[in-house]
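**Student:** The lines below spell out each chain.
Number of protein chains: 2
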Amino acid sequence: MDKRKIFFVICFATGIHCNPLFPYDLVDLTRNLGPDSIYYPTLGGYEKVIELKGSKEFGHWVYSNVLKMTEHVGTHMDAPSHFNKVGWNMHQIPINKMVGPGVIVNVKEKARNNPDYRISLNDIKEWEEKYGKIPDGAMLIMNSGWDVKYPDKYSVYGTKNMSDRTSFHHPGWHEDTISWIISNRHILFIGTDAPSFDYGQSTTFPVHILTSRENICGLENVANLDRIPPSGSIISAAGMKTVEGSGGPLRLYAMVPNSDANNSAVTIGTSNVLLVVICLTLLIKLQN
Amino acid sequence: MDKRKIFFVICFATGIHCNPLFPYDLVDLTRNLGPDSIYYPTLGGYEKVIELKGSKEFGHWVYSNVLKMTEHVGTHMDAPSHFNKVGWNMHQIPINKMVGPGVIVNVKEKARNNPDYRISLNDIKEWEEKYGKIPDGAMLIMNSGWDVKYPDKYSVYGTKNMSDRTSFHHPGWHEDTISWIISNRHILFIGTDAPSFDYGQSTTFPVHILTSRENICGLENVANLDRIPPSGSIISAAGMKTVEGSGGPLRLYAMVPNSDANNSAVTIGTSNVLLVVICLTLLIKLQN
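For the record, the sequence lines run as chains X and A.
In terms of our numbering, the first sequence has 489 at position 112, counting the first letter as 1, and numbering is strictly consecutive.
In terms of our numbering, the second sequence has 459 at position 82, counting the first letter as 1, and numbering is strictly consecutive.
Fair warning: there could be bad hints in the mix.
It does not matter which identical chain is used: a pair holds within one copy or between any two.
[What the hints assert, rightly or not] Think about it this way: if two alpha-carbon atoms lie no more than 25 Å apart in a straight line, the pair counts; the simulated PhoX-like pairs of lysine-lysine are:
| # | residue 1 | residue 2 |
| --- | --- | --- |
| 1 | Lys433 | Lys487 |
| 2 | Lys430 | Lys445 |
| 3 | Lys425 | Lys662 |
| 4 | Lys462 | Lys425 |
| 5 | Lys537 | Lys425 |
| 6 | Lys430 | Lys462 |
| 7 | Lys445 | Lys530 |
| 8 | Lys485 | Lys507 |
| 9 | Lys462 | Lys433 |
| 10 | Lys662 | Lys510 |
| 11 | Lys445 | Lys425 |
Derived from the structure by calculation, the hints contain no laboratory data.
Put together the whole structure using the sequences plus the hints.
**Tutor:** Here it is, written out as structure tokens:
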């Protein structure tokens with residue numbers, strides 16, 4: 378092989394990197410928003426009223442509605458102002474505080490026979506042992522298996538008496554766990570597939586109070602958590618920019634690195650291995 | 378240099394690639410949603426009613442509202458069902474049809490002295506000459522400079538008589554341009570910084586009709602388009618998942634490849650150049 382040939386082989390090897398613009402698959406984490414949507418029973422519900430439907434005015438099909446709903450319905454987010462008088466309202470949350478690495482803590486086994494289960498510090502330590510330290514800016518979400526009960530409100534709240542909130546039973550986060558996380562890690566959102574990240578038996582909402590104080594936002598009634606990995610996704614929780622809003626339904630989704638991303642990494646790895654092999658072959662060949 | 382030293386140098390050179398998980402900066406393209414928000418004058422407006430504000434019930438600050446609004450207010454999206462009886466409603470739009478490459482067509486100069494300007498096929502050809510073919514799944518958005526008029530509705534609609542829609546003047550897309558795009562390119566969304574992607578003088582809404590027929594969604598009152606590049610961003614337009622919804626306000630944002638992405642590319646490039654230099658140096662040294 379002459380010098381020129383070798384040079385072209387090396388150029389070829391360095392040129393096979395690929396760089397996809399957006400190497401993620403998208404997973405919808407959102408429930409349908411409609412009259413069946415779950416909301417906290419002491420708040421108002423959801424209503425959609427037809428505003429225009431048909432062709433009278435425009436000579437062509439036009440259809441629109443008026444929405445009337447509590448901000449806290451269905452798959453929705455809590456702004457910090459929901460439980461903190463001086464916390465961010467919806468329009469004050471910077472967009473870069475609404476997107477971050479997904480950390481999904483699976484406690485389905487523990488919650489199955491204990492609807493009052495609260496995520497312990499041990500659950501967090503176990504997650505970190507498997508997947509590494511919770512990354513900065515994480516979207517920390519509990520997967521309790523509660524999504525299969527949705528939208529049967531009696532099953533979701535674990536009660537036959539929706540007007541007695543002391544009868545509610547569903548899992549949540551423990552306030553001691555959240556205190557430790559606030560002191561030792563940096564998260565943007567705390568979330569759950571259940572209707573509240575404070576467990577059903579709580580009437581004082583310590584987790585809401587602790588997180589709101591730190592301008593950490595909330596996610597409730599999250600769907601499809603089994604469809605994303607415990608670590609490695611990016612979660613988009615971009616809520617409406619409502620002036621003085623305390624929360625709102627949103628289209629929540631996860632970006633999961635896809636085969637393009639893997640191919641890209643593999644290709645980079647392969648081409649570098651190829652370069653090393655070429656270099657070593659050259660060395661051996663030319664030294665002999 | 379002995380073989381082992383050379384081997385370690387090569388390993389070091391191949392090891393300095395970086396692979397950031399999410400190499401984008403986020404740019405908010407959303408207006409505040411409130412009583413000043415622009416909406417089509419024949420539709421209803423926006424209202425927010427306090428539901429809970431204070432500490433009476435819970436012994437701690439709790440705050441929430443009921444929102445009452447037309448689906449077509451502020452920075453919002455149109456579902457295809459808005460102008461197509463059998464088009465997708467909000468809950469039927471797959472999440473992967475709501476995120477795609479941003480294509481921003483700047484016609485600010487042309488619209489400055491002509492509020493009835495409509496984007497021509499020539500404008501599209503000029504964009505493609507500069508930035509390449511419109512990518513598949515594009516979010517195609519007009520930057521007409523109209524955002525500086527927001528939220529003064531008289532200025533946005535170019536009229537003193539909001540009840541006479543034949544007096545409206547603002548730029549839009551030309552139906553011939555959209556017909557060509559539908560036949561020759563593949564886009565997910567059509568958008569504008571003005572209040573409608575049909576220009577103000579239209580009373581028949583041909584662009585809405587053409588796009589809705591193809592299940593192409595719409596974006597209106599888009600903000601901050603000057604802050605993202607004409608090409609190369611990814612736009613997230615994830616609307617509420619309203620059952621039978623015709624549209625809705627959303628938190629629209631762009632992901633713009635950032636310095637991490639550039640650094641990553643630069644690092645990969647640098648390390649490969651380094652490898653090539655090492656290989657050629659070896660060749661020359663060892664052949665002499």
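**Student:** State for each hint whether it applies.
**Tutor:** These are the hints, each one checked on the structure:
no.	hint	verdict
1	Lys433 - Lys487	neither (57 Å within a copy, 35 Å between copies)
2	Lys430 - Lys445	both (18 Å within a copy, 19 Å between copies)
3	Lys425 - Lys662	neither (77 Å within a copy, 78 Å between copies)
4	Lys462 - Lys425	between (30 Å within a copy, 18 Å between copies)
5	Lys537 - Lys425	neither (27 Å within a copy, 32 Å between copies)
6	Lys430 - Lys462	between (41 Å within a copy, 9 Å between copies)
7	Lys445 - Lys530	both (20 Å within a copy, 24 Å between copies)
8	Lys485 - Lys507	within (17 Å within a copy, 53 Å between copies)
9	Lys462 - Lys433	between (47 Å within a copy, 14 Å between copies)
10	Lys662 - Lys510	neither (46 Å within a copy, 47 Å between copies)
11	Lys445 - Lys425	both (6 Å within a copy, 9 Å between copies)
Violated hints, listed in ascending order, are 1, 3, 5 and 10; each of the other numbered hints is respected by the structure.
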